[in-house]
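These are the residues of each chain, in order.
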Amino acid sequence: MTWTNSPFRSLDARRLLSLVLIGAFVWSLSSVDWRGGIVHTGGGDALKDFPLALFPPELSPGFLKLGLIASWQTVVHAVAGITLAIIIGLPLGIIASGSLGKPGRVRMLVAAVMRFILAFMRSIHELIWAVLFVAAFGLSSLAAVLAIAIPYAGILGRIYSELLNDVSEGPLDGLRSAGASPAGVLIYGRMPMVLTDLLSYGFYRFECAIRAAAIMSFVGIRGLGFEIQLSLHDLKFAEVWTLLLFLFGLVLLVDYWSTSVRRSLNS
Amino acid sequence: MTTDNSKLVEATRGLRGITFPRVSLYGFLVLSVVSWAYIIFGVDSGLGDLFTGRSWSNAGHFFSQLLGLEGGLTGGGRPAFFDLGRWGETGKLAYKTLMMSVLAIGLAGFGVLVTFLPAARNVSNGELGGSPSLALGVLYHVLRLFFAFTRAVPELIWAMVIVFFLSPGILPGAIALGLHNYGIVGKLSAEVVENMDPGPARALRSAGAGNIQMLAYGIIPQAMPHFLTYLLYRWEVVIRTTVVVGFVSAGGLGQEFRLNLSFFQYTDVFLIILWYLILVLAVDLLSAFLRRMVLVR
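First to last, the sequence lines map onto chains P and F. For what it's worth, our numbering labels the leading residue of the first sequence as 54, then goes sequentially. For what it's worth, our numbering labels the leading residue of the second sequence as 208, then goes sequentially.
A hint or two may mislead.
Here are a few chain F residues that face chain P, going by a calculated C-beta distance under 7 Å [stated by the list, open to error]:
no.	residue
1	Phe227
2	Ser374
3	Val487
Derived from the structure by calculation, the hints contain no laboratory data. Don't be surprised by glycine CBs; every beta carbon is placed ideally from N, CA and C.
Work out the full structure: start from the sequences and follow the hints.
Structure (structure tokens):
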């Protein structure tokens, strides 16, 4: 029996990992409280009524109009959030990439601190930012937009700094030997090389921002999530389905737009 | 005829600068100007409040209460985050939250394992074995639609719906998180199979392998590392979302966060945020470690 056929070889890292993951899953099942019953009183009826309410969803013209308005409100918050995220994320990403200023210890330190700040911004979920801002400033659209913009700027800043760092050094050396300053290298070298990637990643995040805007309903911002919450409270499941389908359509539309843009940018 | 043709060339020359990405970019810029106008001039914009001293001093009070610098203290009159007992109590909730995230990823992973094969085009049309049939074709489209729908609805909205059926606890939250991530990982895993190198599968087929053998030796070994990497990557996202889902599904840190906020126990809120950051950091590190394990052969 050769070594490669030995049964111990089958316990390689990947299989070990699969075992660990399955074990963790089984362990997590044990922390669910099964004694109280999984379905609560009355939940059984709702569980039956909810899927049936899809046939048909609420399609009265008045409600469809409400769905359209709610979709528009969601889009508005998503667009405002992502534009602010790009405006904040791009300069922070440039600082975090360490491509500005004189090479040296100070620049490395500033870049490291900025990477930490970006990590902190994206560690906290957009809705927690929203809850904190609403508690601090009161309920307003701007609080919701800012709440979307901060974690998204954290993500965009990180990705942007990585993109700026990953450009090929050849053209940059050309600029440097022609006497360009670090700012010149950034503006005429790094930025043009990654511009399409920056746009393409921004468009991708726009799709996620739609979902983020929809859940801002939780702090009282109007939009699809808000209407879904209202219809759920009134037990009008047919209306919930209509609104879910509106959200689905909206995400599909933005997904299609952003994929087409990215495809034609990258080709 | 030739003149017509040259006119056409002339006409398209004017259009040459207009590319789809460029039109999209301008379209997006217009959309963002309209959106910002809508928000700033909207009824509840809050822009006016930003320039009043009162709202800034309110915000200042809130954040200093969060840090325990003024008021908002419970019990012993010291901030909750200096109280070892409170650290322990909140730690138990953090553990519950962690379990919720593991359960969610487990459920999503299990669902994906069962359904990702028929959702890959090259499996459903028989390219990688099996035989194409109408049922498989329909199943492919149904699964892809289901992936897209579960993905489009955010976790929090799934949780709002699911608490209508299930008893509060970590299970409804885990199912809500699981559903959304099922759609994401399902799509990515099906695409891995679609973009797979068909060589090994074809070689196996020509050597006379059956469907099960094709699966075990031709498809799974190639798809598995990607599948595990996606799951681990999504776990990092899920741990950030568990708290939010806990707002409505009554499990772990999220519920406590909401309660403390409505009772103005701000130092407890801050303690929960600290535990939350610890969880996020721990999961990020663990996931990065495990993902490296996937890559090691």
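Hint check results:
no. : hint   : verdict
1   : Phe227 : 5 Å, holds
2   : Ser374 : 4 Å, holds
3   : Val487 : 5 Å, holds
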